[in-house]
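Protein chains: 2
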Amino acid sequence: MNSNIPSIGLPRIVIIGCGFAGLKLVKKINTKNYQVVLLDKNNYHTFQPLMYQVASSSLEPDSIVYPIRKVFKGKKNFHFRMTDVHHVNVDTKEVDSDLGIIKYDHLVIATGAVTNFFGLKNIEKFGYTMKSLRESLDLRSLIIQNFEKALSITDLSVRDEYMNFVIVGGGATGIELAGALAELKKNILPKDYPDLDIRQMQIHIIEASDKVLPSMSEKASSQSYKFLKKLGVNIWLNTFVKDYDGSTVISSKTDFKARTLIWSAGVKGLPVAGLEKSLNKSNRIITDQFNKVIGQENVFAIGDVASIESEMDGKGHPMLASIAGQQGHTLGVNFNAMAKGKELKPFNYNDRGTMATIGRNKAVVDLPFFKFSGGIAWLVWMFLHLMLLVDFRNRLIVFMNWSWSYFNYDKGLRLIIRKTPSKKEKEEY
Amino acid sequence: MNSNIPSIGLPRIVIIGCGFAGLKLVKKINTKNYQVVLLDKNNYHTFQPLMYQVASSSLEPDSIVYPIRKVFKGKKNFHFRMTDVHHVNVDTKEVDSDLGIIKYDHLVIATGAVTNFFGLKNIEKFGYTMKSLRESLDLRSLIIQNFEKALSITDLSVRDEYMNFVIVGGGATGIELAGALAELKKNILPKDYPDLDIRQMQIHIIEASDKVLPSMSEKASSQSYKFLKKLGVNIWLNTFVKDYDGSTVISSKTDFKARTLIWSAGVKGLPVAGLEKSLNKSNRIITDQFNKVIGQENVFAIGDVASIESEMDGKGHPMLASIAGQQGHTLGVNFNAMAKGKELKPFNYNDRGTMATIGRNKAVVDLPFFKFSGGIAWLVWMFLHLMLLVDFRNRLIVFMNWSWSYFNYDKGLRLIIRKTPSKKEKEEY
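Here the protein sequences come in this chain order: Z and H.
For our numbering, count along the first sequence from 1 and bump the result up by 413.
For our numbering, count along the second sequence from 1 and bump the result up by 413.
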């Protein structure tokens, strides 16, 4: 099989992955000097920071993703192919994919990260995650299915299992989802399910460290703790999850009855096969300051999958969209410099701040020299996320949805378009 | 298992299906006099007339469906349950469902219609349909997947298979989809796939009768034929499909190379098991003028699944949303009359007209005393479909999408959220 991409006499850069890193890289590369081939398993770029809003019925998929072909419409010497990549052969400079062999002169790995269950097999088996659009849609369906199911359960302890939600991991993803579920409980579910006593619904966050949002400032941690408490979320700090059978969560503190456990307690790199020698303990590809993979020629890695050896005591930068975007940008600048024989620029992370939102008027913002929270932080969070969306159309739709929700105390439509098979029930029957 | 729906001392009406018939019926029933239990396999009502716009990437699912719980929010003595119904026992007055046994005093079957392949096994095996939201989303994914795939196929005759589309059935569904595909070919695909020669894409309509839109007026048929021709659609009249192996369509006239055959050539009733004695040849439940099932007490049938014995030479009314809605409304009025011991009203169809759209400025409208086509017809079509949508939010989203498309010569995002396994390839490997 042939990949059917024409050779045009320019050096070819093959980029695997169109997350924030891949997207910014392609935007920056001057295709007068290079032919660019971008590969991704999806035909769209995903704005991951808003994934939890898809899971909690606030936004529809088309609000937070954008077709890759539309992003790069009209770009010359550029070819996008939707395909699964099997492995990379650095000796022959080839990528083996569903579409066949694709030759490269320069290769960039920007494949991102994947959920890390740290070997907890039963959690992997019965738990749910939120790392892709499909997983987020599955989780959404499951949440609604749980309430539909709860209606016909007379045994209150079994009903508990369906109405309780355990979120493992108190980082940004975990607390944002917990806040969204708490708002569903407060404003939406009592209207949708008048036959149920919604007070029965309990939302738990289980966090191994001594605070939520451990990677943000003390102020952000304590404020978001207060916000979550105010919304009725149960927070279990210094607590480890030990096991899960699909209906009972066993932790180091107590047990929880819940059919739905959402795992947001860890990620690891998702490298391409063929680069095993260059991985660190978190499965990330080790690179130098120029994003070049250590021990390889013409192979680069950027974004969540990459780790610059010399940074953060050898652990590499945190896995953040902003860092991925900056790495993509810098590497693009360096490719353009290479073409002109100019000097390369080492990557230098410019920390513009981090933020998280818990709910209406409840957000926390850490800027390098100023930390704040509450209503203004929430407005800032919304404004910046709107501006970060890839396209005007996305921005408009998200803005309309948020405005609608704000004034109506409502969310998007709670649709179960495809039923998610319950992992526990699959086991039972 | 127990359905867990409380008895409240009022006669209980159980309604199966929340299409246009079920929806209008529930809206009309005065729940001071009845307890209403509505069952549907989905948690939403679907606006079927716009389904082809989901398949052709023009609209997202949340534009054309609306959650049943939201439609009836706050309605007293009303219970919605999302469940699959297995069968009906008219002797014990019970409905057997996934949630257990549900007792009724009055039962209404409003389960609609399903695709009729008329025994063509291979078409059922390899063809695609557009009768549900899931099927429409699958078809959308498949259409985009085909083009992604075509990019890496060098054999032009195999590429043909991926770029050709055969639509069987020249009724409203078939021609509306053909028109939408033709507009994709004209305005969208050349931009999305600069590496492909889009002129290779061929759209065929195969129709057994001697005109398209056979159920509409002569004028509508001939105009829509002209519109389709203008858009480059190939129309094969007086032509029958004989067989299909997933890549070659064998018809009474010629063969077509196409991996995608969309079957819109027939529907039949989708009754509930337990009413076999009351079915006609099209699988529809035979009723009297009051929508009461012949030979049954307290069992009614409305909408596409029902056929009033005395109408249209025993064939019953055509399967149209407008008729279903009117039947639901009339039956609701009759239930309210029954509660007060008043006389019942026989169903009488008020034909307000039919219409179909082929594309931008191309629609046909048949009113009882006036038939017209073109730009004005298109505006009328759009306005009426907007007004028929169940909710203001739907209307706003659809209006915005249509306006956007109109001014940008664009469609919605072409997203493959879940890949549709190709039925042919599944066979091959």
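What the hints contain is simulated information worked out from the structure, not anything from laboratory work.
What you are looking at is a predicted structure, and each value in this text was computed from that prediction instead of being measured.
It is possible that some hints are incorrect.
For identical chains, the list gives no copy identity; a pair is met inside one copy or between any two copies.
Dumping the calculated SDA-like pairs for lysine to any residue here, alpha-carbon to alpha-carbon at most 25 Å [unchecked claim]:
#1 Lys-655 <-> Phe-485
#2 Lys-832 <-> Asp-509
#3 Lys-824 <-> Leu-809
#4 Lys-506 <-> Gly-687
#5 Lys-753 <-> Ala-686
#6 Lys-836 <-> Val-746
#7 Lys-755 <-> Val-571
#8 Lys-488 <-> Gly-754
#9 Lys-624 <-> Gly-754
#10 Lys-483 <-> Asn-559
#11 Lys-837 <-> His-499
#12 Lys-454 <-> Pro-834
#13 Lys-483 <-> Met-813
#14 Lys-488 <-> Leu-564
#15 Lys-837 <-> Leu-799
#16 Lys-506 <-> Ser-664
#17 Lys-837 <-> Asp-518
#18 Lys-440 <-> Thr-542
#19 Lys-690 <-> Arg-612
#20 Lys-755 <-> Thr-542
#21 Lys-544 <-> Ile-829
#22 Lys-632 <-> Phe-653
#23 Lys-728 <-> Asp-509
#24 Lys-832 <-> His-499
#25 Lys-454 <-> Gly-825
Here's how the hints hold up against the structure:
no.	hint	result
1	Lys-655 <-> Phe-485	neither (46 Å within a copy, 43 Å between copies)
2	Lys-832 <-> Asp-509	between (34 Å within a copy, 21 Å between copies)
3	Lys-824 <-> Leu-809	both (16 Å within a copy, 15 Å between copies)
4	Lys-506 <-> Gly-687	within (11 Å within a copy, 65 Å between copies)
5	Lys-753 <-> Ala-686	neither (32 Å within a copy, 74 Å between copies)
6	Lys-836 <-> Val-746	neither (46 Å within a copy, 45 Å between copies)
7	Lys-755 <-> Val-571	neither (67 Å within a copy, 46 Å between copies)
8	Lys-488 <-> Gly-754	within (24 Å within a copy, 73 Å between copies)
9	Lys-624 <-> Gly-754	neither (49 Å within a copy, 67 Å between copies)
10	Lys-483 <-> Asn-559	between (37 Å within a copy, 17 Å between copies)
11	Lys-837 <-> His-499	between (31 Å within a copy, 23 Å between copies)
12	Lys-454 <-> Pro-834	both (24 Å within a copy, 15 Å between copies)
13	Lys-483 <-> Met-813	both (22 Å within a copy, 19 Å between copies)
14	Lys-488 <-> Leu-564	between (53 Å within a copy, 17 Å between copies)
15	Lys-837 <-> Leu-799	neither (37 Å within a copy, 42 Å between copies)
16	Lys-506 <-> Ser-664	neither (48 Å within a copy, 48 Å between copies)
17	Lys-837 <-> Asp-518	neither (48 Å within a copy, 36 Å between copies)
18	Lys-440 <-> Thr-542	neither (30 Å within a copy, 39 Å between copies)
19	Lys-690 <-> Arg-612	neither (53 Å within a copy, 47 Å between copies)
20	Lys-755 <-> Thr-542	neither (44 Å within a copy, 57 Å between copies)
21	Lys-544 <-> Ile-829	both (19 Å within a copy, 17 Å between copies)
22	Lys-632 <-> Phe-653	within (24 Å within a copy, 73 Å between copies)
23	Lys-728 <-> Asp-509	neither (30 Å within a copy, 59 Å between copies)
24	Lys-832 <-> His-499	between (30 Å within a copy, 18 Å between copies)
25	Lys-454 <-> Gly-825	between (28 Å within a copy, 20 Å between copies)
Of the numbered hints listed earlier, those contradicted by the structure are 1, 5, 6, 7, 9, 15, 16, 17, 18, 19, 20 and 23.
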